[in-house]
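The chain contents come next:
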Amino acid sequence: MTFAWQRAAVALASEPLLRASGLMLKRAGRVVLRDVSFELFAGEVLAVIGPNGAGKTTLLETVAGLRIPDAGTVSAQGRVLAGLADSARVFSFLLDEAELPEEVTVSTLLAHAQKCSRAPSDLADSLMNALQLAPLRSARGRDLSRGERRRVALFSALCTKRPVVILDEPLGVFDPRQQLGILRLLKECAKAGTALLLSVHQMSDAEKLADRLLLLCDGQALACGTLDELRTLAALPGASLEAVFLGLLEKQKGSPHAAT
Amino acid sequence: MLRRELAIVLGARVTWLVIAVAALLVGHSFVLAVDLFTAGARSVEAGGLMAREFDPLLGVIRPTLGGIYISASLLFPLVAARALGIEQERRSLRVLLLQTAAPLRLLLAKYVATLAAAALLLGTMIAMSMLWLGIGGHLHAAEVVVALFGHALHLAFIAAVACAAAAWTRSVAQATAVTLLFVLGSWGIDAAEGFAALAWLGSAAEWSITAHLHTFEHGILSVGDCAWFFAATGGALVLALIGLRFDWPAYRRALGICAVLLITLLLMKAAGKQPRAYDCTETARASLPPAAVTALRTLPMSISLTVNLDRDDARRRQLDLDVVSKLRLARPDVRVRYPLDERAASAEAARNEGYGRIEVCAGATCKQTYSASRKELVTLLLESAGQPLPDWTQPNYPGYPRVVEGRRRAAVLWLSYLILPLALATVGLWVTRRRRRK
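For the record, the sequence lines run as chains A and B. So the first sequence is numbered by the working numbering: it starts at 322 and just counts up by one. So the second sequence is numbered by the working numbering: it starts at 52 and just counts up by one.
No wet-lab data here; the hints were simulated from the structure. All C-beta atoms, glycine included, are put in the ideal place defined by N, C-alpha and C. Any given hint could turn out to be false.
Chain A residues, not near chain B, derived (Cβ > 10 Å throughout) [as the list claims (entries may be wrong)]:
id	residue
1	Arg340
2	Glu382
3	Glu418
4	Ala432
5	Gly468
6	His522
7	Arg533
8	Lys572
Just the calculated beta-carbon pair ranges, DEER-fashion [stated by the list, open to error]:
id	chain 1	residue 1	chain 2	residue 2	range
9	B	Ile314	A	Ala403	18 to 28 Å
10	B	Arg484	A	Pro456	37 to 47 Å
11	B	Leu155	A	Ala564	48 to 58 Å
12	B	Leu53	A	Glu360	31 to 41 Å
13	A	Ser428	B	Arg103	53 to 63 Å
14	A	Lys482	B	Ala170	55 to 65 Å
15	A	Gly399	B	Ile177	55 to 65 Å
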């Protein structure tokens, strides 16, 4: 099922749906994001990759308006987002560190997510089937395994009419079979016109899912582009994303053996 | 949204633990009150005391409410701070705010869920009141409702303070600690009441939470005290709302805090000066005799009392609780001054020859006395205004002495110490049990 805005967004795919320009953020005197810029188009999957502590989650939080940048702007469909109300019109967010309320039953959480997003019931139903949540409805947050909790959180993030879904490490907790299902689901969402911005730790996952990749290191965007563009940048034609990633990191550090 | 928040508050074991412990405290207060009441009532049977002195509101309900007061002050912050604080701890608050896009609605949903826990806490008091009726005791509905209403306002205020603390801190522990510090600050002000050495804190008495509960516990519905609680609760909730606006720049939040604090304090100050109050007690026993009330109300001039007694003097306390509160019900505009509070010298040095003198003025005419008797003081007031003392007959309050012994006392003990706390703990365990998946 597609919405009017999704069809319009697909039609205007040449215009970026989201644009982050010169994002800079300091925390406790340390610069954690340094002049990060990127664009995201409707129906596109942009994966943020980078080593631990690179600032991936911080970047996603800043884009979603959960952190106020010291400099830079985030705009959606040409309009600069300022404040919670603006961000809430554009983004749906899954934060890796955020825990589900353990006292609440899954059915209440699902109903809450659907009500907040005003998503139609057929979207909710299809997500519920895809994420296999029906057997968990009567369970409470505390009774769920980590993977089950993540599936409920994914439902909350994806059951939305908002044009951009931001997912922080959405795949890390699933077994390979479940992961395939989730990858398929995310691709379907993107196909329907939703723009996906996600942080991914496993390079293989990013390679399977992302249309473009943003490589972040020490809060700085080292590169942004398709895998082929990154291969060219790293001078590693035909290499895996993992090799490209390591190559670009080494190149950043100035090592002459980066490509090997 | 409310369903989710209710589940977070009522689905937490700590909530039910707090309520069960509160039930134990309330039950213990009730048992002590009933035993004391019974001891006195036996003297009535032996002809030693007047039956009309046996007032269940002051003898049973008020001491039992002490258990609610302690629970609301020291235990309830754990529950109230958790509703919002747990979202901070789980790092889900900002995501939730983004999801709902309605900070005010989210705050109100959390606040209402906290009030549901407060209602359970008050429910233990209602259970004790029912128990008192069940063992043949007497209660006057209006005065008990007023007393409970006062404590409901207190709980609502503590809940709002805890919400504000949780909105500005990072964890449940921090928010609870801030709320407890707030309560202890109020208790610090209360400590000034009985000690002349703490007279310098006396001017802060109007900011004490406890001071604003007293009138309710005596069956008097004070408009000023209600407004004080409403203003304080509203202010705390707006502070909480500003705390949730993480998307506001720091200067805007700082300005918001300053403005809200200023407006709230001004509103609380103005509310405290509102003297209107209604005596809801049976046979209006908290008031002066009806003819005296009418006479005082028809006096065209202003009336005032100047009391030369130290704050740690028992006579002054008696005067405040009896004559001053009754005069205020009849004439809300009565001015009462305590010159010794204004002295910088120590209390002992202040005890000069004028110590104990009470000056009563009606307009420009003043009379003096050393008596703290209510009849004497009202007589002097009316004489100063050139009027005789009217009929001093008070509507007959029969008093309700009640001896609780034997099986009834055993029932009180079982219900107060075991059945009610255990029932609440069991309900809590059942509500928070692990559920099998279908």
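In rising order, the numbers of the hints this structure does not comply with: 2, 3, 4, 10, 14
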